[in-house]
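A.B. asks: Residue strings, one per chain:
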Amino acid sequence: MTKTPSDLSFATKDVPSALMRQTLLDRDLVRAVDRPVVRLLPWLNIVAIGGRSIIDRGRDALEPIVEVLRGELGTHRMLILTGAGIRGRHVLGVGLDLGLPTGVLAGLISTEAEQNGHLLAALLAEDGVSYLSHTTVAHQLSIHLAGAPAAVSNAFPPYELYELPPEIGKIPPHRSDTGAFLLADAYGAARTIYVKDVDGVMTHDPAGPGPGEPELIERISVDDLRAMDLPSLPIDSLVLELMTRAKHQKEIQIVNGLEPENIARALRGEPVGTIIHV
Amino acid sequence: MADDETRGALESLLMSRSLGDRELMEASEAAPDYRILPDVTVLKIGGQSLIDRGRAAVYPLVEELVSIKRSHPILIGTGGGTRARHAYSLAAELGLPTGVLTDVGVAVAGQNATMLGHLMARHGVPVVGGSAMGALPLYLAECGAAIFSGMPPYDMWQRVPTEGVIPPYRTDAGCYLIAEVYGAKNMIFVKDEDGLYTANPKTNPDAELIREITVDELIAMDLPDLIIERPVLELMRRARHAKSVQIINGLRPGLISRALQGEHVGTIISAA
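Protein chains in written order, with the numbering used here: chain A, 1 to 278; chain B, 1 to 272.
Quick caveat, the hints were computed from the structure, so don't treat them as lab data.
Positions of the beta carbon are idealized from the N, C-alpha and C atoms, including for glycine.
This list has only true hints and no planted wrong ones.
Now the stretches of chain A that chain B is said to cover, found in silico as 3 or more residues with beta-carbon under 8 Å:
id, stretch
1, 91-102
2, 145-159
3, 182-188
4, 226-237
Based on the sequences and whatever the hints tell you, model everything.
C.D. replies: Below is the structure:
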């Protein structure tokens, strides 16, 4: 059949590429462009400071942590990320009550994590540490960490209006633990350290029932940890799910920031706290 | 009052539990669902399927959009298309991560939004994005339409696919999420086929049109190729507002208006 002029005029103006005219949804066709992913910032250390677990405790917990972080400046290049904490819970409560959707709630809670970041950055300002916005972290982190020993940002991912609805209920599923992990993996960071108020993952909940004294798990695989089906974990379980697909971050470390020297040890690569691996 | 009790329980869980706590997540289910823009229809205009075809496809489309915007407020999201595919392929070959590809995708869909914006400028239609989304209600009230880049701004935080590096949440997902978060009336994907087929009709002559299907049925069919991004199906299962979407052919004049009037003119996919 010969093409009519109208068929021709409808023709797409293509740019030749391996993916040209594809829907990008046929798994076999897309595989053609698979390559190993490079680590963009292999020297980067991501240090995620818990909102509820650390920052809400105020000066007693934060000042010693700031001292330890200050001591590590110049030795380890760090992006310090902050969680939201109690004000995030409050704004979620108000937003839920008003009937607002998950995407709006995500923006509201993320603002609190950002504020915590500003507070922490202010404490390290004299050492050359500043707060960076999401856009700067995504595009100019390299120059900032070439010119400064560390930077601070919001641990939440910039999903906001585009937050994915959760499986159950309306609470935004991509929060600070997940945001820190996704960013670490995209940059191919050296390590991801979660600073919380517990020693790590325990064999059972210290407050709950269980056989004898709970013990610290020093090293565990994602599969084994999931099989334990613990009632609560010090990090969001979504991180474990994402770890199984990660390109680089095959390991994360959870340390107790109430003994802040743990952070320095983790930065040096010591097996303190709990290491979860793929 | 039971409502007060539910609210009290939710608030105490919010203050005491981890945000991933199952009981807390279940309690949040009881919160009311407020539709922010209940009269708006989100239209996704395909990049490869429509805009890359240039004037022949885009001029009639613009005419139709202009003719309907006064009676049906529309939010127009744009796809990426052939340049996005070129950039994805180049970036993947260089070993760059999904986050970098996402950013490129945002830019390409943004170019398409810019072009559509200039064509619709004389009719008062603005291009919005980022914090300007806050002024959306004003634009819709003033002129009945606004244009946005369909790619979600996940940037370096985009979730990685199981295989490879192509961003899994692209412009179909971005437009769908906007319909869901605003509680829009309809979500319509405007493409260059009459709807969803059992295979890619461009490469497989035996492909058959599916007029209506549920998300569960479609997932069970596990088609090797699809006219809509797969993650949208999973999102639809979880949706509170956008529980059905229609895929229509934007090369056939008049179909957008008919779909906006509630007619079934393409494929309707609904969450069971």
